[in-house]
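As you go down the protein sequences, you meet chains S and H in turn.
Numbering of the first sequence is given in numbering that gives the first Met the number 0, commencing with residue 0 and proceeding in unit increments.
Numbering of the second sequence is given in numbering that gives the first Met the number 0, commencing with residue 0 and proceeding in unit increments.
To be clear, the hints were calculated from the coordinates, so they are not data collected in a lab.
None of the values given here were measured: they were computed from a predicted structure.
Some clues are possibly wrong.
Listed below are the simulated SDA-like cross-link pairs for lysine to any residue, each with C-alpha atoms no more than 25 Å apart in a straight line [said to hold, decoys possible]: (1) S:Lys-50 x H:Asp-92; (2) H:Lys-39 x S:Glu-90; (3) H:Lys-6 x S:Tyr-41; (4) H:Lys-6 x S:Lys-63; (5) H:Lys-6 x S:Arg-94; (6) H:Lys-39 x S:Asp-107; (7) H:Lys-6 x S:Glu-69; (8) H:Lys-39 x S:Gly-67; (9) H:Lys-6 x S:Lys-50; (10) S:Lys-50 x H:Glu-11; (11) H:Lys-6 x H:Asp-92; (12) S:Lys-63 x H:Leu-9; (13) S:Lys-63 x S:Glu-90; (14) H:Lys-39 x S:Lys-50; (15) H:Lys-39 x H:Ala-116; (16) H:Lys-6 x S:Asp-107; (17) S:Lys-50 x S:Glu-69; (18) H:Lys-72 x H:Val-124.
Here is what each chain is made of, one letter per residue.
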Amino acid sequence: MIEEDAAKVDALFHALADRTRRDILRRVLAREHSVSALAAEYDMSFAAVQKHVAVLERAGLLAKRRAGREQLASGDVVAVRSVASMLAELEQVWRGRIARIDALIASDPEQED
Amino acid sequence: MPVTDVKHDLDELTLTITAEFAAPVERVWQVYADPRQMEKIWGPPDYPATIVDHDLTPGGRVTYFMTGPDGSKHAGYWLVGEVDEPRSFTFRDGFADLDFNPVPDMPLSDNAYTFAAHDGGTRAVYVSRYESAEALQQVLDMGVVEGASGAISQIDVLLAA
Chain S
0 MIEEDAAKVD ALFHALADRT RRDILRRVLA REHSVSALAA EYDMSFAAVQ KHVAVLERAG
60 LLAKRRAGRE QLASGDVVAV RSVASMLAEL EQVWRGRIAR IDALIASDPE QED
Chain H
0 MPVTDVKHDL DELTLTITAE FAAPVERVWQ VYADPRQMEK IWGPPDYPAT IVDHDLTPGG
60 RVTYFMTGPD GSKHAGYWLV GEVDEPRSFT FRDGFADLDF NPVPDMPLSD NAYTFAAHDG
120 GTRAVYVSRY ESAEALQQVL DMGVVEGASG AISQIDVLLA A
């Protein structure tokens, strides 16, 4: 992984490490929300929710646009898929282990059948 | 290929892998019950694992380190939960220092391994759940990833042997 990608991944995982941010992301992936509508969903200040939105934006998971006085936020599906790519990476670890188990069992000198 | 199914749950950060092995359940269990066998399969070829403590009983600990190509050592531990020999066991997998003290603030994963007789062999289901996406990344950063084509070809050599 090149440095720039590593920094991106750091920001991505920091953003996703928080339950509220994951919840915000789920909402904005489903459809565009105004930041004030999002803020109304949580038992925290508007500023706190705005901060969460900013973290998601910096990680590239969310994009904002202005519509009059409203700030509208929507999720970036492609960026979210990179979490999938992390799980996919882990899957490769598992496939390696499973292949080694298979090889180990196949190398048994005394097979029962 | 022994892997028959893979499920990724992005919300729950859970990976579920199903594999089928051409051996009885007891034989697959042995891979985990015998530390010398387990270390053959746990680490990728360029990060071989050495198992130090091995107590696969409820509340027991398994400790290990993996040695990277540059000689760096990465230690981890299992805290064993439930054990139903030879059908299933659960454990938390975490990072440790080289004296095998758990490293605080480092991610843990919860794992459940299940083995069942199937079609004359064994169906194994591996479930790993990470507490956060950061945890998942740190696990990957630890060097347990074997995406390198070199590692893949070594597996092929093993399988062809």
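Hints, one by one, checked against the model:
For the hint pairing S:Lys-50 with H:Asp-92, the CA-to-CA distance comes to about 33 Å; that exceeds 25 Å, so the pair is violated. The hinted pair formed by H:Lys-39 and S:Glu-90 meets the criterion: a straight-line CA distance of about 18 Å does not exceed 25 Å. Of the pairs offered as hints, the one joining H:Lys-6 and S:Tyr-41 is violated, with about 31 Å between alpha carbons and a cut-off of 25 Å exceeded. Proposed proximity of H:Lys-6 and S:Lys-63 is contradicted: the alpha carbons are some 32 Å apart, above 25 Å.
With a C-alpha separation of about 13 Å, the suggested pairing of H:Lys-6 with S:Arg-94 holds against the 25 Å cut-off. The suggested pairing of H:Lys-39 with S:Asp-107 holds, with an alpha-carbon distance near 13 Å, which does not exceed 25 Å. Under the criterion of a C-alpha separation no larger than 25 Å, the hint pairing H:Lys-6 with S:Glu-69 is inconsistent with the structure, at around 39 Å. Between H:Lys-39 and S:Gly-67, the direct Cα distance comes to roughly 62 Å. Violation of the 25 Å bound is thereby established for this hinted pair.
Only pairs whose Cα atoms come within 25 Å are accepted, and H:Lys-6 paired with S:Lys-50 is rejected, the gap being roughly 33 Å. With a C-alpha separation of about 24 Å, the suggested pairing of S:Lys-50 with H:Glu-11 holds against the 25 Å cut-off. As the CA atoms of H:Lys-6 and H:Asp-92 are separated by approximately 20 Å, the hinted pair is consistent with the 25 Å bound. Restraint check for S:Lys-63 and H:Leu-9: the C-alpha separation of about 23 Å stays at or below 25 Å, so the hint holds.
Among the hinted pairs, S:Lys-63 with S:Glu-90 is inconsistent with the structure: their alpha-carbon atoms are about 33 Å apart, more than 25 Å. Proposed proximity of H:Lys-39 and S:Lys-50 is contradicted: the alpha carbons are some 47 Å apart, above 25 Å. About 23 Å separates the Cα atoms of H:Lys-39 and H:Ala-116, which keeps this hinted pair within 25 Å; it holds. The suggested pairing of H:Lys-6 with S:Asp-107 is violated, with an alpha-carbon distance near 30 Å, which exceeds 25 Å.
Between the alpha carbons of S:Lys-50 and S:Glu-69 the distance comes to roughly 16 Å, so the proposed pair stays at or under 25 Å and holds. A distance of roughly 29 Å separates the Cα atoms of H:Lys-72 and H:Val-124; the hinted pair therefore is violated under the 25 Å criterion.
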